[in-house]
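Enquirer: Got chain E; can you put chain A on it based on the hints?
Residue numbers (the numbering used here), protein chains in the order written: chain E, 1 to 345; chain A, 1 to 345.
Rather than coming from a laboratory, the hints here were simulated on the basis of the structure. There's no promise every hint is true.
Residues from chain E that keep clear of chain A, each with C-beta distances beyond 12 Å, as calculated [claimed, not checked]:
| no. | residue |
| --- | --- |
| 1 | Pro21 |
| 2 | Gly41 |
| 3 | Ser114 |
| 4 | Glu150 |
| 5 | Ala178 |
| 6 | Val290 |
A partial selection of chain E residues facing chain A, derived with a Cβ cut-off under 8 Å [claimed, not checked]:
| no. | residue |
| --- | --- |
| 7 | Gln36 |
| 8 | Ala263 |
| 9 | Asp301 |
| 10 | Phe316 |
| 11 | Ser317 |
| 12 | Tyr320 |
| 13 | Ile322 |
Treat the numbers as computed from the prediction; the structure is a model and nothing was measured. Glycine included, every Cβ here is placed at the ideal spot set by N, Cα and C.
Protein chains: 2
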Amino acid sequence: MFGFERIATARGARSGRLTLPHGEVRTPAFMPVGTQGTVKGLAPDELSRAGAQIILGNTYHLHLRPGEDVVRELGGLHRFTTWPRSILTDSGGFQVFSLESMRTVTDDGVTFRSHIDGSRRFISPERAVEIQWALGPDIAMAFDHVIPGEADRATAADALDRTIRWLQRCLHRHTTLADEAPGTQTLWPIVQGGTFDDLRQSAVSAVRDLGDWTGVAIGGLAVGEGKEKTLRVLDGLAPTLPEGIPRYLMGVGFPEDLLRSIARGVDLFDCVVPTRNGRHGTAFTRDGPVILRNAAHRVDDAPIDRECDCEVCGRFSRAYLICDTCSSQASHWGSAWSRFTMSGF
Amino acid sequence: MFGFERIATARGARSGRLTLPHGEVRTPAFMPVGTQGTVKGLAPDELSRAGAQIILGNTYHLHLRPGEDVVRELGGLHRFTTWPRSILTDSGGFQVFSLESMRTVTDDGVTFRSHIDGSRRFISPERAVEIQWALGPDIAMAFDHVIPGEADRATAADALDRTIRWLQRCLHRHTTLADEAPGTQTLWPIVQGGTFDDLRQSAVSAVRDLGDWTGVAIGGLAVGEGKEKTLRVLDGLAPTLPEGIPRYLMGVGFPEDLLRSIARGVDLFDCVVPTRNGRHGTAFTRDGPVILRNAAHRVDDAPIDRECDCEVCGRFSRAYLICDTCSSQASHWGSAWSRFTMSGF
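Only chain E is shown next, with the shape it has when bound in the complex:
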């Protein structure tokens, strides 16, 4: 049910085929973010036609609204959203740790207040796994301790230790649940360690020691440490990761960052940038970003990208898209994105 086949490699970059319960994902691949199971502005069919093979759902947001019990009762994320292809959910760690003043961390887990109604909530590694089990994605992520990019060594080491202890608990809970319905969901670990090469190395070792994973994520990068540091860490990290499983760099989404990361052996990405920027009128093209609101595009009959064969570029002018603030733009961007990651390599 879960497999990864490398089709080709070149100077560290890889092209592959990831097999999941809801179909195959050709990598390198970009996952559009569907916060509550829906990519804003796009119906599931538009998303498919835009070339998305797998989308990401946010456990934190789905937990708060509509709640994992609702999603489970309505048949899980796939049935609930009618999205037929693969889904990965994050663990909620990133969102919970972004709440800053609204959360308390202990080894048990994180107590936080909902950004919606201020209600007090608690997520432990076990709860994160259970919530994702209720949601029913193809890939669930381990609950990790995320720290800012500029965190010092002691903070990074402490967070990494906790992340590894939590990973053991996630795996334990996941294994119990998966025994009851094998082949429906896989759990991926997250390599932390801040910007410190030795910590990253010990994270990789600890993760490897814990089991045979079907994929591995790189977390805690692109979180404020600066692009040079991101690449430097990636340079040291990538060669040490298991070769036979996909590597997912979390939260990366700018075109140049995708290409640089693909060149360093990364296979999967997610980011809100392409769809959010799309909704606000910025498109990424082969020739760089196009900011539709610029006066130059007011009478611009050209498509966003002349070489793009997506529905939006085949049909709408830049001048028109300034007026259409919703689906068409998001649709196009998603498209440009997935094709970009497919063809960029």
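Expert: Okay, now just chain A, sitting in the frame of chain E:
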């Protein structure tokens, strides 16, 4: 190019076929509002599949952004938006008169300030016709003096006189332009007169005297006078309108108001209500409005309307649609709407 055939009548209500340069419109029909040529949240294909036969574009908004010169340069509204079916543009009168403190009315026309950048603008009857000619809809509306629903008799009489004088000027300008490209655009007059039956009668007479129209609009209703007064005015007005042309009641869109107006011989409607409410989570169904955010729908696996055969009702649960704040909802509402007006009669 412009024709109207009554297919059936029953107790004052009519079913008909309106022929326009971009196709046929089966009436009674509801026109979704595409402010700047796009119905928010819906791609043109979704709009077609939702059953929309004709959409309304706002001259005021299109004049300010992107500007009629841009639309003309890019081939007119149909080419610009890629919407292949019929389009009606309002004249901008309603929006300009809604600006209240930001406008000055003289017999020449209306000077106003743009709500976008505060720039000083002027629209005369001739300009309103010229702007619409540049936009290129199938149906253009005359520029009228719109007053609040509770206006007194003197105000209503004064505004009506001006509306008729302006109608002559609109017709004159339109005729000159249409001589150069006959059969591409028709102009419809607007009957004003506030809530005063005799003024409405004299408006109808004046409009009839001015020419052979291909359609006629009823303006200045549903603008705050209260629903009982709306219906009373309609009761007096409808029997005096020409029978062989479509009657368009401007700005009406609640289901019960559509049915009551259809029963009084109205053929066409427009309103932002179905799409705007849709985007905010309220749907109108055969069983009344469904407010999706109500707690009752949190785990509701039912479609918005069990008897509706639109794409959205065939696919998505109420619980899911709460999470999807954009295209799916708007899409459905539009659909429910157009089917409602088609089947409600």
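Enquirer: Now, for every hint given, state plainly whether the structure supports it.
Expert: Consistency of the hints with the structure:
| no. | hint | in the structure |
| --- | --- | --- |
| 1 | Pro21 | holds (21 Å) |
| 2 | Gly41 | violated (5 Å) |
| 3 | Ser114 | holds (15 Å) |
| 4 | Glu150 | holds (35 Å) |
| 5 | Ala178 | holds (26 Å) |
| 6 | Val290 | holds (16 Å) |
| 7 | Gln36 | holds (4 Å) |
| 8 | Ala263 | violated (36 Å) |
| 9 | Asp301 | holds (6 Å) |
| 10 | Phe316 | holds (7 Å) |
| 11 | Ser317 | holds (6 Å) |
| 12 | Tyr320 | holds (6 Å) |
| 13 | Ile322 | holds (7 Å) |
Hints 2 and 8 from the list above are not met by this structure, while the remaining hints are.
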